[in-house]
Amino acid sequence: MAEACENTLAEVVPPRRAPRVTYRSGEAAQALAEAGTLAVFGFGAGAQAMGDPRYLRIGLESFDAPGPLEVWQVGAPVEHGCDGAVRWARGGGWLFAAIEVDERDHGGPRDTARHAYEELRRVVDARAEHHVLRIWNYLAAINQGEDDAERYKLFCDGRAAGMGDFFADGFPAATAIGHHGARPVLQVYLLACDQPGERVENPRQVSAWRYPRQYGRTPPSFARAMALPASDVLAISGTAAVVGHASAHADDLHAQLAETFTNLDTLLATAGMAEGFDTHSPLKAYVRHPADAAQVREFIVRRLPGVPVLLLHGDICRRELLVEIDGWRYA
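Going by numbering that gives the first Met the number 0, the sequence shown opens with residue 0, and the numbers climb by one from there.
Derived by calculation from the structure, the hints in this document are not laboratory data. Note that the Cβ used here is the ideal one computed from N, Cα and C, for glycine as well.
For each label pair, taking beta carbons as the anchor points, the in silico distance ranges come out as:
| hint | residue 1 | residue 2 | range |
| --- | --- | --- | --- |
| 1 | P76 | A290 | 43 to 51 Å |
| 2 | R296 | D146 | 32 to 40 Å |
| 3 | S24 | G144 | 34 to 42 Å |
| 4 | G163 | V300 | 42 to 50 Å |
| 5 | R126 | A28 | 20 to 28 Å |
| 6 | A125 | Q29 | 27 to 35 Å |
| 7 | Q47 | P211 | 39 to 47 Å |
| 8 | R301 | D250 | 17 to 25 Å |
| 9 | G305 | A257 | 18 to 26 Å |
| 10 | D146 | G106 | 14 to 22 Å |
| 11 | V242 | A160 | 27 to 35 Å |
| 12 | E117 | G50 | 18 to 26 Å |
| 13 | A254 | V300 | 13 to 21 Å |
Build the full structure now, drawing on both the sequences and the hints.
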């Protein structure tokens, strides 16, 4: 008689449901004390300073006073800590990791970006949650310098040097914005998962990593958007009035906003999502000139009534661009 045997099937893990991202008023400590809090962000010099690794004070000023918090939460217990200069939190298959680096310790934006990405890669590579799906970069004086010496282009050089094979399976969705903080600090933070997402490109635009040489020695390295593993959220990269690879409507705020929303609509359609945004799909709008903030708010409120929008003072990576929008579109 044949000996009985038992086949043990590996546990099938369903696609990870996306973290819930919300904007709210109140104290950061209260949000951090809630179950499932993966990360909390305050904005500007007036935001609280806290030692919790899940909390990051972003060097961009909010046009709202007091500025709201941004809160990421998952449906699972969260553990957190620090690994060298990298702060991290993980739970439910999701990982938040962040680093702040002072350029004065590394000789400028290129070597600072290389160091930041090397450190993030070191930490993420050691985790099960090694699929980087979304990343943000905030650096000082992003447009300072000319031609290949422009600080954003130097940042792109350093980022590429530091990432190595960090994004071997494809680039994440990303944002890069200039801040006006007193110190030349680079802030980089990311969302990663133990499952991959699906990259989404915009057919109206050249993929960023294929930009021609005029945009620097090293093209930007990001996807236009990322569908998260359960296809329940589209994480949208910084989106501006770019058609093909060229900026459109130089110095025309309203035309740039209209073009930006055409790009956002195209991304949603390409991802197979319904048109528009709703009250559960928060956006950030980065505005170069404070005098334009009220017009940007009015345009968005008229176009997307009820949608949560965080309006921030930030410089766009191209001098001629006045506004950029990123965010989350929940299915």
